[in-house]
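Chemist: Spelled out from the first residue to the last, the chains are:
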Amino acid sequence: MSPLTTIVQDTDTGPVLHIAGELDYSTAAELRETVTGLALRPGQRLVLDLAHLGFCDSSGITAFIVARNHATAAQAEIALVAVPGPVLRILRVTGLDQVFSLEPGTDAQNGRTASG
Amino acid sequence: MCRTGPSPDPPEGGETTSTDAAFTALLEDSADELYESAPCGYLSTLMDGTIAKINTTLLTWLGRSREEVVGRMRFTDLLTVGGKIYHDTHFAPLLSMQGSVSGIALDIKKAEGGRLPVLLSSVTKNDSTGRPQLIRTTVFDASDRRAYERELLRERQVAEAARTQAEEDRERLQEALAVLQQSLLPAALPPVPGMEAASHYHTASPDRLGGDFYDLFPLDGKRWAFFLGDVCGKGPQAAAVTSLTRYTLRAAALHDPDPVAALTTLNTVLHERYAAGDPRYCTAIFGVLEQAGDTVKVELASGGHPPALVMRQDGSAEYLPTPGGLLVGILPSAPFTATTTELAAGDTLLLYTDGLTEARIGEERELFGDVALRDFAADLTHTAPHEVIEAMTGLLNSFGDGLDDDTALLALGVPTDRPDTGSDSPT
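Residue numbers (the UniProt record's numbering), protein chains in the order written: chain Z, 1 to 116; chain H, 1 to 427.
FYI, nobody ran anything at the bench for these hints, they're computed from the structure.
Glycine is no exception: its CB is placed at the ideal position from the N, C-alpha and C atoms.
Do not take every clue at face value.
Here are some chain H residues pointing at chain Z (derived, C-beta under 8 Å) [to be verified]:
1. ALA166
2. CYS232
3. PRO279
4. THR283
5. PRO306
6. LEU326
7. LEU327
8. LEU331
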């Protein structure tokens, strides 16, 4: 099982957080800390890239809600990109698919580069 | 090998010779000197115990002169009362039997009072005919060692006391947690006329309060309300939210039993209470039961909770979908999805928390999932609520360590082929 790794990438529209590994009770606090430490300006968009998220339980969902609250407080938007199937299922059951803007993942769109 | 000191084959004779000379000078000087000033006490006694010879080291420890001791005192005169008894009952018999004893711990008396803990070793010296002639004894100062042993003993006692304390604390904590957990659930489900109800709560860990909850209670003469849900997180903070949730839903239901209205009230309360900082929310299904002739009408609404499962008497099992209902408490106003169904004789409605469907099964640790749950329910031949709960409890147990979350189950059904008086339920 892989631990959680997060890489922050600054883009013109706002920070993109690439989240890889496992998001559970033991690692969610780390993500919450990372995400609430991100500087957001009004009108920007915080993107959580979940393409390499291997596992996510309810603690992870809470971390997404913390991210959303952080973005809302800064008058910024939030989007979840490349949401894996199992996570999408949880988002649908909990109704959160209406709260988060969900987008398919394309590396080009996110401007991901080797230098990350 | 790694021998140091004089080399067996001297490459440079002169140096070796001078080293040997230095040793010899030391050794010539040492026989008496070693005896008198050795780092231990030496004592020779006749077979009756009379002290015949004693070294300076031991005399210094005793604080006595040679004249006082030699020929005048016996070995046992040096010992404390307890030491004397031990000497007579153990030391002396062992020595006469074996010819030697070693490492015996005793106290000897000092002339000025006080005692010195020592370790004694003795051997008997025999004459040419094999008769014991005298006893040679070495005496080691054991005060440091005794202090060390006392320190070890003291530390062990401290550690044991700490462990006992920790065990007691843990027991008290578990007791408090169990009481608190019970306060979050009804002690027993009330009998509902014309219906049968059964429930089960699986606790994942006795150390951590779970956040699952359920309840069943009367609204008025004709209607009953029920709810089941899951608060995010675990532990005391989650339990506080559970408690708030349970009492809010109960109070809201008495004010306005419409399921969407009850969940909306709960949403307002949770969002106001936890809007700042740590988000606290729950998923919940709230519903109302009303008897209508031979059937029971169910109205329910869901906020982000997995759909309820309806098992019909004909053996089918279908979910009661409530899509679009949002987690309760994360937004100032939230959509909740309502639906209705009717339960006829032999039908049972099952509410569950996601511990059941999120359990991991098999070597690949795959999700048990909602399809497998529906199939399992459809395979049940007995669908009375207590039978459903029994089967589901068996299912939960079969998950073993694949089930690491608390799980609540609540089954509500209409008894089959029985007078609709609820005779099956305890009254």
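Chemist: Taking the hints in turn, state whether each one holds.
Modeler: Results of checking the hints against the structure:
no. : hint   : verdict
1   : ALA166 : violated (24 Å)
2   : CYS232 : holds (6 Å)
3   : PRO279 : holds (5 Å)
4   : THR283 : holds (6 Å)
5   : PRO306 : holds (6 Å)
6   : LEU326 : holds (3 Å)
7   : LEU327 : holds (5 Å)
8   : LEU331 : holds (7 Å)
Against the hints set out earlier in the document, a violation occurs for number 1 only.
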